[in-house]
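Model the full assembly from the supplied sequences, consistent with the hints where possible.
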Amino acid sequence: MTLADTRSPLLRISSLTKRFGGFTALRNVSVDIRPGERFGLIGPNGSGKTTLINCISGAFRTEPGTILFGDEDITPLQPHVRTRRGIARSFQIPRPFRSMTVAENLMVALDFAAHEHVSVGERRDTMMSILEQMGLGSKANVPATQLSQVELRKMELARAMATHPKLLISDEAMAGLSGSEVDEVLDLLLSFASCNITIIMIEHIMQAVMRFSERVMCLDAGTIIAIGTPSEVMADQRVQEAYLGT
Amino acid sequence: MTRNGIAFWTGAAVFLAAVFAMTQLVGNQYPFFAGYVILQFVALAVAWSILGGYAGYVNFGTSAFFGVGVYASVFLVNAFGAPLPVQILTGAAIGALMGFALGLLTLRMQGIFFSIATIALTIIIETTITNWRYVGGAAGIQIQRPAVTAPFDNYVQMLFFVQALLVVLAVAISRYIQNSWIGRGLQALRDDELAAECTGVPTLRLKLLACVISGALMCAVGAPSAMYLQYADPAGAFNLNYSVSTLAMSLIGGTAHWSGPIVGAILLGTTQQLLTVTISSEVNVLVLGVMLVLFVVGAPEGIIGLIRKLRGKGKEGEA
Chain S
354 MTLADTRSPL LRISSLTKRF GGFTALRNVS VDIRPGERFG LIGPNGSGKT
404 TLINCISGAF RTEPGTILFG DEDITPLQPH VRTRRGIARS FQIPRPFRSM
454 TVAENLMVAL DFAAHEHVSV GERRDTMMSI LEQMGLGSKA NVPATQLSQV
504 ELRKMELARA MATHPKLLIS DEAMAGLSGS EVDEVLDLLL SFASCNITII
554 MIEHIMQAVM RFSERVMCLD AGTIIAIGTP SEVMADQRVQ EAYLGT
Chain A
35 MTRNGIAFWT GAAVFLAAVF AMTQLVGNQY PFFAGYVILQ FVALAVAWSI
85 LGGYAGYVNF GTSAFFGVGV YASVFLVNAF GAPLPVQILT GAAIGALMGF
135 ALGLLTLRMQ GIFFSIATIA LTIIIETTIT NWRYVGGAAG IQIQRPAVTA
185 PFDNYVQMLF FVQALLVVLA VAISRYIQNS WIGRGLQALR DDELAAECTG
235 VPTLRLKLLA CVISGALMCA VGAPSAMYLQ YADPAGAFNL NYSVSTLAMS
285 LIGGTAHWSG PIVGAILLGT TQQLLTVTIS SEVNVLVLGV MLVLFVVGAP
335 EGIIGLIRKL RGKGKEGEA
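These protein sequence lines are chains S and A, in that order. Using the numbering used here, the first residue of the first sequence is number 354, and each one after it goes up by one. Using the numbering used here, the first residue of the second sequence is number 35, and each one after it goes up by one.
Check each hint, because a few of them may be wrong.
For each label pair, taking beta carbons as the anchor points, the in silico distance ranges come out as [what the hints assert, rightly or not]:
| id | chain 1 | residue 1 | chain 2 | residue 2 | range |
| --- | --- | --- | --- | --- | --- |
| 1 | A | R345 | S | E567 | 49 to 59 Å |
| 2 | A | N112 | S | S472 | 48 to 58 Å |
| 3 | S | N381 | A | R345 | 21 to 31 Å |
| 4 | A | L228 | S | S368 | 19 to 29 Å |
| 5 | S | S491 | A | M56 | 50 to 60 Å |
| 6 | A | R179 | S | H470 | 49 to 59 Å |
| 7 | A | L328 | S | Q560 | 47 to 57 Å |
| 8 | S | S472 | A | Y210 | 16 to 26 Å |
| 9 | S | E567 | A | W215 | 31 to 41 Å |
| 10 | A | L328 | S | H470 | 41 to 51 Å |
| 11 | A | T36 | S | S491 | 24 to 34 Å |
| 12 | S | S472 | A | L228 | 36 to 46 Å |
| 13 | A | I150 | S | V434 | 46 to 56 Å |
Computed from the model, here is a short list of chain S residues facing chain A with C-beta under 7 Å [what the hints assert, rightly or not]:
| id | residue |
| --- | --- |
| 14 | T436 |
| 15 | R451 |
| 16 | S452 |
| 17 | I558 |
Source of the hints: derived by calculation from the structure; they are not laboratory data. None of these values were measured; they are calculated from a predicted model. The C-beta atom is built at its ideal place from N, Cα and C for all residues, glycine as well.
Below, the structure written as structure tokens:
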């Protein structure tokens, strides 16, 4: 047993179920995410990946099932409270604040989610240093609507990082990007991980998942069909069936 | 204080001084009657824009808040002979409570559903007042103005000055909100409510706050109206025209900046007053409609948006 295994999990999801009317999107999902882990979440379209993220970030209410973050049961908490506790996310389809500049988008996060009370000047410094780290320094005063796809993805990650998260959930941040852009975003995620931020990455691009993840979980039709190291999961019979059909 | 802040407060002081000078110098009563109505709409439009503009929640209930302000005064005068400042403060307090209740009940609804709920509010309150004998019921009620206090020698002149004070108060609050974290949060939730929540913005709480402030101001603006008309009836106090005009003024002026509703209200309010005198009071409803259509098609961001666009183009030309 390694040391990481004996530490208490950062996020503990216990028997989570989510129904939409008669449709069960998630069925009895239980998983522990360890502090500092790089966790890959895969599965075919419609398997419940984004639903799971929505449950963790609080966009959806879950009836049966609990979510522990650290030692706290966050199941009854609203999304903005969860963000302040340290859960940040990006969206599958980018959702920037369209009437704002890139800098203002980040300032929303710093105004509302920053943990310590800091002056406006300090917040501006933090904002600029995050943008520089993202390679968006020159875009600070550009309206969010004028960004390219890759810049938009990076801005979403930057905004999430500005909330000062312990857990970052990246929902297909690389979808629709070119090969070199995928590497850029992947390097950014890896650099966050090296700063001790736990990351859950949903991705369809398998090379990215394999390179990034310490552990991978595969969902199919709302249930966990495999969880383990990337190579274990890829070799799993059921994962191959889920992706390729039987 | 920043340079902008100094400029703003200087402007506000000059405005109030000019209004006060006007009450002392101008003998003709008509400018005060007309000016009062224009100022009333400026204050209403600015107040409306706090929820309708910054947060993007279109409130059709302006007439409900306005009417409650009117009837708060009617009740206070009838029951206690309360003076004007008490009427306005009580109006504001009731408006705040009403905004809070309306917000709790309806702000979970988004878009058009919220707007429809606010129309329902107007109808419910108007029906209640219509059936409340003590404040006159459907027939309305006459109100006796008390003696005017110095330095004013006419009650309408005093009301004109009071309404100018309310305008300054509303604008100062609106400007503060826009420049503060509250404004940034409202703007974020207007753009995308889920993204705002996930960025740490307590959306429901901010919307409630906007609704409370907006409601308190609208009721406060309505309160002196009973004294202005010396009469109140439900059909007049809860006239849908207040909702439509306020909304049109804010949208035509532009809601992206605190000054937009002021520009819109002065433009439309003045036009309405001129048309009422020169042609008829029915025509001004038509003009309002036509202008709203023209702006929605031609300049959806309002006058402020149009100016910004032109300026932006000018800058590009220079470069």
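Okay, the hints, checked on the actual structure:
Remark: the range hint 49 to 59 Å for A:R345 to S:E567 is upheld by a beta-carbon distance near 52 Å. At roughly 52 Å, the beta carbons of A:N112 and S:S472 sit within the given window of 48 to 58 Å. Checking the proposed 21 to 31 Å range against S:N381 and A:R345 shows it is violated: the Cβ atoms sit about 58 Å from each other. A:L228 and S:S368 have their C-beta atoms about 26 Å apart, which keeps the hinted 19 to 29 Å range intact.
With their beta carbons about 52 Å apart, S:S491 and A:M56 fall inside the hinted range of 50 to 60 Å. At about 51 Å, the beta-carbon gap between A:R179 and S:H470 stays in the expected band of 49 to 59 Å. Distance hint check for A:L328 and S:Q560: the Cβ-Cβ separation is about 55 Å, which falls inside the suggested range of 47 to 57 Å. Our hint of 16 to 26 Å for S:S472 and A:Y210 holds, since their Cβ atoms are close to 19 Å apart.
The beta-carbon spacing between S:E567 and A:W215, approximately 38 Å, falls within the hinted interval of 31 to 41 Å. A:L328 and S:H470 have their C-beta atoms about 47 Å apart, which keeps the hinted 41 to 51 Å range intact. Roughly 27 Å separates the CB atoms of A:T36 and S:S491, a value that falls within the hinted 24 to 34 Å. Range check, S:S472 to A:L228: Cβ separation about 29 Å, and the 36 to 46 Å hint is violated.
For A:I150 paired with S:V434, a C-beta distance near 30 Å fails the hint of 46 to 56 Å. Taking 7 Å as the C-beta contact cut-off toward chain A, the hint placing S:T436 at the interface holds, the least distance being around 4 Å. Taking 7 Å as the C-beta cut-off, the interface hint given for S:R451 holds, the closest approach to chain A being about 5 Å. The interface hint given for S:S452 is met, as the beta carbon of that residue sits about 5 Å from the closest beta carbon of chain A, less than 7 Å.
For S:I558, the interface hint is violated, since its Cβ never comes within 7 Å of a Cβ in chain A; the closest pair sits about 23 Å apart.
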